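Colleague: Sequence:
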Amino acid sequence: MKAASLLLGLLIVFDLSAANWPQFRGPQAGGVDTNAVAPTRWDVEKGENVRWQTTIPGLAHSSPIIWGDRVYVTTAVRPGKADLKVGLYGDIESASDQDPHQWRLLALDKASGKIVFDKLGYEAVPRVKRHTKSSHCNSTPATDGKRVVALFGSEGLFCFDLDGQLLWKKDLGPMDSGYYQVPSAQWGFASSPVIHDGKVVVLCDVQTNSFLAAFNLTDGKELWRTPRKDVPTWGTPTVAKVREQTQILVNGWHHNGAYDFATGAEVWKLNGGGDIPVPTPVVAGGLAYFTSGHGKFRPMQAIRLDARGEITPSEVGATNAAIAWSHARQGNYMQTPIVVGDRVYGCLDNGVLTCFDAKTGAISYSERLGSGSEGFTASPVSDGRHLFFASEVGNVFVVPTDGKFSVTATNSLGETCMASPAISNGILFFRTREHLTAIGK
153 MKAASLLLGL LIVFDLSAAN WPQFRGPQAG GVDTNAVAPT RWDVEKGENV RWQTTIPGLA
213 HSSPIIWGDR VYVTTAVRPG KADLKVGLYG DIESASDQDP HQWRLLALDK ASGKIVFDKL
273 GYEAVPRVKR HTKSSHCNST PATDGKRVVA LFGSEGLFCF DLDGQLLWKK DLGPMDSGYY
333 QVPSAQWGFA SSPVIHDGKV VVLCDVQTNS FLAAFNLTDG KELWRTPRKD VPTWGTPTVA
393 KVREQTQILV NGWHHNGAYD FATGAEVWKL NGGGDIPVPT PVVAGGLAYF TSGHGKFRPM
453 QAIRLDARGE ITPSEVGATN AAIAWSHARQ GNYMQTPIVV GDRVYGCLDN GVLTCFDAKT
513 GAISYSERLG SGSEGFTASP VSDGRHLFFA SEVGNVFVVP TDGKFSVTAT NSLGETCMAS
573 PAISNGILFF RTREHLTAIG K
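Using the numbering used here, read the sequence shown as starting at 153 and increasing by one per residue.
These are computed hints drawn from the structure, not numbers from a lab. Model, not experiment: these values are computed from the prediction. None of the hints are false.
Across the chosen pairs, the derived CB separations fall in these ranges:
id, residue 1, residue 2, range
1, T512, A276, 47 to 53 Å
2, G350, Q317, 18 to 24 Å
3, E245, G297, 39 to 45 Å
4, G438, P552, 21 to 27 Å
5, P335, N187, 41 to 47 Å
6, T186, R520, 26 to 32 Å
Using 27 Å as the maximum straight-line C-alpha spacing, the simulated DSS-like pairs for lysine-lysine come out as follows:
id, residue 1, residue 2
7, K266, K233
8, K351, K298
9, K381, K393
10, K351, K373
Glycine included, every Cβ here is placed at the ideal spot set by N, Cα and C.
I would like the entire structure built from these sequences, with the hints used as guidance.
Modeller: Here's what the structure looks like:
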């Protein structure tokens, strides 16, 4: 009886841990939770397979995170309704909404969607403008089950306890992220914090004074700061264990690379790719997958985790001892790719989905989701059986993970969707323009 009780207890702990979604795209930004089957069809208007739907104030593209029985989201609230322009367009201009904003942290009950608390973190006029498709709250919070950390861009780094009480904050200076060729075009900060081993890692690639830094989670003390020389980027760092060393992987244009988690020292460096880097590095099977878009090249590359030093090849698309495989023009612009089993999936902002062999880079297919008239910004998630791709107008395309292209179903969320969803124990959590919706059988 004692052995059976102990086994049951261990299984419960395992299930709860596996169901946690502690940062952008879940553990290591992988985007996968295989604990339970998620529904492939739902109807928001009729309530079919809809667990709950809760109104969230303000405008934000930050994703929900999950720990235990709570879902946490951040938002930026201003007087009136902020303008948002979605779709496939190339306007580089900034939005004009320099009214006072409130950056808030909300906790919701995972089972019912009831708001547990709605706490004010900071209030001010934004120090930097946003793009017309962006928001003043793009960065997804992170948690270790004891604290919640939120990076409100130029407004600073904030740490709360699990009841929403502010523990500490750090002013990191203006986070001016925008087009490097037209510095006046401010687009808004988006890189999300990552918590690992009692430390908070932040990547701040901006117009001037870019850096990667680590802070003590307990009190916010800066542990190290490594300057970076690159154009503004919007990707989140990924922490990976490489033999006896823990590394931080970061995306860039001139400086893709890895840094030592303990000291911030550079481990390897790769130059070249798209000049507006947005996706986050994804780790699986001893490889790290990097991609970026815009400009002449949009590579999809698989880098060996044991890479060291300068690994830039003679040309984009070439391989070497550190680069397992590379495609010069098959990468993503906005979305972080996803690895399920032995396949890598990457989707362009116009909906073209490409399936790669994770080890060799061989392409199984490259097909379009939808009609090509709607944009795709939110990154996909998977329950291991299907992939879920949300378009900007709120159409969710469900694609099987068998390596053969088909669309199992297309479901409407009824609202604009720019934030990457979370998935936990077969439940999908979509953050749309005005709601957080839980989809589950």
